[in-house]
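Peer 1: Make the full structure from the sequences, and use the hints.
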Amino acid sequence: MPINYYIFLSLALFCIGIVGVLTRRNAIIIFMCVELMLNAVNLLLVAFSKMHHLAKITADATAVTAGTDGQLFVFFIMVVAAAEVSVGLAIIVMMYRNIHSVDVNFLNRLKH
Amino acid sequence: MLRPPKRANSRFTMNITHILFWFLSVLALFSALMVITSRNPIYSVLWLIVTFFSISGHYILLNAQFLAIVNIIVYAGAIMVLFLFVIMLMNLSKTAEPKKNRWLKLAGGLAGGCLLLVLVAALRNTEIKGQLAQVNEGDIGLIKNLGKELFSTYVVPFEISSILFLSAMVGAVVIGKKE
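Heads up: the protein sequence lines correspond to chains A and B, in order.
Residue numbers 3 to 114, in the numbering used here, belong to the letters of the first sequence in order.
Residue numbers 4 to 182, in the numbering used here, belong to the letters of the second sequence in order.
Read the hints as simulated data drawn from the structure, not as lab findings.
Yeah, the Cβ is synthetic: ideal placement off N, Cα and C, and Gly gets one too.
Treat each hint with caution, since some may be false.
Calculated cross-link-like contacts (lysine-lysine; reagent style DSBU-like; alpha-carbon spacing at most 35 Å) [unchecked claim]:
hint	chain 1	residue 1	chain 2	residue 2
1	A	58	B	151
2	B	147	B	132
3	B	132	B	151
4	B	132	A	58
5	A	58	B	147
To spell it out: a stretch of chain A is covered by chain B in this simulated footprint if at least three of its residues, at any positions, have a beta carbon under 8 Å from a beta carbon of chain B; those stretches are [what the hints assert, rightly or not]:
hint	region
6	23 to 37
7	47 to 53
8	64 to 71
Between beta-carbon pairs, the in silico distance windows are [unchecked claim]:
hint	chain 1	residue 1	chain 2	residue 2	range
9	B	33	A	61	32 to 40 Å
10	B	25	A	101	42 to 50 Å
11	B	43	A	78	29 to 37 Å
12	B	112	A	111	47 to 55 Å
13	B	33	A	93	28 to 36 Å
14	B	151	A	82	39 to 47 Å
15	A	66	B	159	19 to 27 Å
16	A	43	B	134	41 to 49 Å
17	B	156	A	101	43 to 51 Å
18	B	68	A	105	35 to 43 Å
19	A	111	B	114	20 to 28 Å
20	A	93	B	113	24 to 32 Å
Peer 2: Structure, rendered in structure tokens:
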């Protein structure tokens, strides 16, 4: 599969996430769009890792572990995303408790 | 002239792979669009789960089986359930989003479209354009190779990520605690 297809698919997913962040007001949906962008990057990393592996293994048949790093980066991105979601959702719950809304327009003064 | 059967066979599997690739791509893009256009946040969460499943399908197509399973377990299983919990806790579906500024939406869509246009134009003729991503084969995505690498080269980041999880847990409890 040509790498171009994966690049364009990931770019489209990433830009859909950006449009979501820019146009929606609900903090939870903005958060979900951030997850969407993270997943677009993950998909591109896996595709690049497989591309790198194919290039290495055709040049040198002993390089069987070339490209593992990219997939491990994806694993660590997932770890960080899980930690981020737990803290972020706690912040959103706290915000809902204080101002009874999750509209980000009410948050433009960073105090209540 | 007799064509060797192996070649015909590999062409057939390439066809199946192509069909699967296009199907999963269209599904991912459509469900991502539905995430940002749904009125109800619950529907957004469900469409996002569809997106994650199609991305997992892409991982399986790239033979990154470990990441496909982890993606389903962590994202579709844990994170999305957390989102659903929070949304249902807040009872958001009754309170519709307040009246939105149409121009702001238009500007957001235009900005995202321009970014997509610029990135595609910039990356259309990269020097890796002709390279292929290995699909359906290659065993670097299997759990054996990834586990070996993870627990030898990347063992320190792995341990640090456990500390990160601990601090995230403590942070979530401290933030969510009632005064």
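Peer 1: Each hint needs a verdict: does it hold in this structure or not?
Peer 2: Checked hints:
As the CA atoms of residue 58/A and residue 151/B are separated by approximately 19 Å, the hinted pair is consistent with the 35 Å bound. Restraint check: the Cα-Cα separation between residue 147/B and residue 132/B comes to about 31 Å, which is no more than 35 Å; the hinted pair holds. Pair hint residue 132/B plus residue 151/B holds up; C-alpha atoms about 31 Å apart against a cutoff of 35 Å. Of the pairs offered as hints, the one joining residue 132/B and residue 58/A holds, with about 16 Å between alpha carbons and a cut-off of 35 Å not exceeded.
A C-alpha spacing of about 20 Å is found between residue 58/A and residue 147/B, which places the hinted pair at or below 35 Å, so the restraint holds. Counting residues of the region 23 to 37 of chain A whose beta-carbon sits less than 8 Å from any beta-carbon of chain B gives 11, enough to reach three: the coverage restraint holds. Interface restraint, the region 47 to 53 of chain A with chain B: holds (6 residues with C-beta to C-beta distance below 8 Å; minimum three). Coverage of the region 64 to 71 of chain A by chain B holds in this model, with 6 residues showing a Cβ closer than 8 Å to a Cβ of that chain against a need of three.
Checked against the hint of 32 to 40 Å, the pair residue 33/B and residue 61/A passes, with Cβ atoms roughly 39 Å apart. Range check, residue 25/B to residue 101/A: about 45 Å between beta-carbon atoms, so the 42 to 50 Å window is met. Between residue 43/B and residue 78/A the CB atoms are about 33 Å apart, so this pair conforms to the stated range of 29 to 37 Å. Checked against the hint of 47 to 55 Å, the pair residue 112/B and residue 111/A fails, with Cβ atoms roughly 27 Å apart.
Roughly 31 Å separates the CB atoms of residue 33/B and residue 93/A, a value that falls within the hinted 28 to 36 Å. About 22 Å separates the C-beta atoms of residue 151/B and residue 82/A, a value inconsistent with the hinted range of 39 to 47 Å. At about 24 Å, the beta-carbon gap between residue 66/A and residue 159/B stays in the expected band of 19 to 27 Å. For the pair residue 43/A and residue 134/B, the supplied restraint of 41 to 49 Å is violated, since their beta-carbon distance comes to about 19 Å.
Residue 156/B and residue 101/A have their C-beta atoms about 47 Å apart, which keeps the hinted 43 to 51 Å range intact. Residue 68/B and residue 105/A have their C-beta atoms about 41 Å apart, which keeps the hinted 35 to 43 Å range intact. As the Cβ distance of residue 111/A to residue 114/B is approximately 24 Å, the hint placing it in 20 to 28 Å holds. Take residue 93/A and residue 113/B: their Cβ atoms lie about 30 Å apart, and the range 24 to 32 Å holds.
Going through the hint list in order, the structure does not satisfy hints 12, 14, 16.
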